[in-house]
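Q: Take the sequences, apply the hints, and build the full model.
The opening position of the sequence shown corresponds to residue 770 in this note's numbering, with each subsequent residue numbered one higher.
It should be emphasised that the hints constitute simulated quantities derived from the structure, not laboratory data.
Remember, predicted model here, so these are calculated numbers, not experimental data.
Heads up, some of the hints might be wrong.
As the list claims (entries may be wrong) - Computed beta-carbon distance windows for the label pairs:
id, residue 1, residue 2, range
1, I996, T1075, 40 to 46 Å
2, I996, A945, 21 to 27 Å
3, D831, S881, 37 to 43 Å
4, D916, K846, 33 to 39 Å
5, P797, K846, 44 to 50 Å
6, T970, T1075, 45 to 51 Å
7, A945, V837, 22 to 28 Å
8, T981, R893, 42 to 48 Å
9, G994, G1101, 53 to 59 Å
10, P856, R824, 17 to 23 Å
Unchecked claim - As a list, the in silico DMTMM-like pairs of lysine to aspartate or glutamate whose alpha-carbon atoms are at most 25 Å apart:
id, residue 1, residue 2
11, K990, E1020
12, K1071, E1053
13, K1113, D1060
14, K950, D916
15, K1128, E1053
16, K846, E878
17, K887, D854
18, K1081, E1053
19, K887, D831
We treat Cβ as the ideally placed atom computed from N, Cα and C, and that holds for glycine.
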Amino acid sequence: MLLLPGWGPGQWQKPGTMAQSGFYVEGPALGVGSHQVALRLLDPAGRVIGTPTTRTIVVIADSQATVVAPKLVVGRKSTVTLTADPPAGRQFDSCALGLSGPAGADAFEVGSWCSTLKLLPSLRTTAAVTPRRAGANTFTVYLNTSDGHTRNIPVAATVYSARRAAVRAPAVPYGARGTAKVVVQDSARLNTWAAAPAGITVSLQRLAVGTTRWVTVGSAKTVAGGIASVPFTSTTNGAFRAVMLSSVPVETTVSPAISAVSGATVGWRLAPRAATRGKAVVYEVLANPYDAGALAQLQVRKSGTTKWVTVKSVAVPTSRIARLAYAYPSAGAWSVRVYRPATKQHAAGVSVALGVSVK
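A: See below:
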């Protein structure tokens, strides 16, 4: 406000020294709309000096903006929705969106949509964003109108660490126990992975060949280094995967699937260690498990050679006990074994090789 006349000390009632004096007075916040503001000047005794004045003040809304985002995860591309409106009767000549991590780290521009050559009366758009830092992030909407009014609007956002897992599991004979190793890692910063904390429960799931349902076969908690050792019993070929809670609420992390290999087993039940040339001897093995179409092959090798030769092949019955007879064609030292070729359900298996003395 301005006061006329205005006097300095010692100039009271000296019109020749009349000047203009300016004062700033802070009043209550005014809402959007039209307001009447009255001004009166009082002397120390409270008497009105001069003529009171009244002015009409019109308050308009400042620039407004909203940012709507899904759950944000480091390294995961997401789509955010941005809306912005300038004060009444104005247009944007600059409007942009940025994202910064905790304490302003790794700040970057998400997008920009207007310019002095492209004025916008409002902004309604979507933008792709890939967060770079986990923790308390801030979207900032940068707005400027064509008449020079600037407003930067911060919008809080939470960004979660990413999580991944990888599984390694050996081929294990049917019915035996094996251990799968699962390595779990978290990423709190883009392109940087570190061991997940201890105590995360990891479930090992198997998809049996020929089926569509994943079944949990064991679980364990991660220890230092983000490693979980999950024991399992070998039953069939198929695939393994690891499943655990994500670092993102209400989400699950699933590892890529790897092959699950279960090998058939072949054990001797009847194995003569001596034979007569030209006279058949009978061998008997237990081939586990039973698979339709599985074969048992008797293989021999004479001392001094390296190649196993299949001399007899029979289908493995449902009893899993296969009988094979063979007459050695010449005297000398021989080796014998039974090979069970692979099926869809199980990898190949082979018995222990035995020495045979043929007279």
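Q: Would you mind marking each hint as holding or not holding in the structure?
A: These are the hints, each one checked on the structure:
Evaluation of the 40 to 46 Å hint for I996 and T1075 yields a pass: the beta carbon distance comes to about 41 Å. Separated by about 22 Å at the C-beta atoms, I996 and A945 satisfy the suggested range of 21 to 27 Å. The hint said 37 to 43 Å for the Cβ distance between D831 and S881, and at roughly 21 Å that hint is violated. Separated by about 37 Å at the C-beta atoms, D916 and K846 satisfy the suggested range of 33 to 39 Å.
The supplied range of 44 to 50 Å is met by P797 and K846, whose beta-carbon atoms lie about 47 Å from each other. Between T970 and T1075 the CB atoms are about 50 Å apart, so this pair conforms to the stated range of 45 to 51 Å. The supplied range of 22 to 28 Å is broken by A945 and V837, whose beta-carbon atoms lie about 54 Å from each other. For the pair T981 and R893, the beta carbons lie near 43 Å from each other, so the given range of 42 to 48 Å is met.
A hinted range of 53 to 59 Å holds for the C-beta pair G994 and G1101, which are about 56 Å apart. A beta carbon spacing of about 20 Å between P856 and R824 agrees with the range 17 to 23 Å that was offered as a hint. Note on K990 and E1020: the hinted pairing holds, with a Cα-Cα distance of about 18 Å set against a maximum of 25 Å. Distance hint between K1071 and E1053 is fulfilled; the C-alpha atoms sit about 20 Å from each other, no more than 25 Å.
Only pairs whose Cα atoms come within 25 Å are accepted, and K1113 paired with D1060 is accepted, the gap being roughly 9 Å. With a C-alpha separation of about 63 Å, the suggested pairing of K950 with D916 is violated against the 25 Å cut-off. With a C-alpha separation of about 21 Å, the suggested pair K1128 and E1053 falls inside the 25 Å cut-off, and the hint holds. At roughly 14 Å between alpha-carbon atoms, K846 and E878 fall within 25 Å of each other, so this suggested pair holds.
For the suggested pair K887 and D854, the alpha carbons sit about 15 Å apart, so the restraint of at most 25 Å is met. Note on K1081 and E1053: the hinted pairing holds, with a Cα-Cα distance of about 12 Å set against a maximum of 25 Å. Simply put, K887 and D831 have alpha-carbon atoms about 21 Å apart, close enough for the 25 Å limit, and the pair holds.
Violated hints, in rising order: 3, 7 and 14; the structure is consistent with all others.
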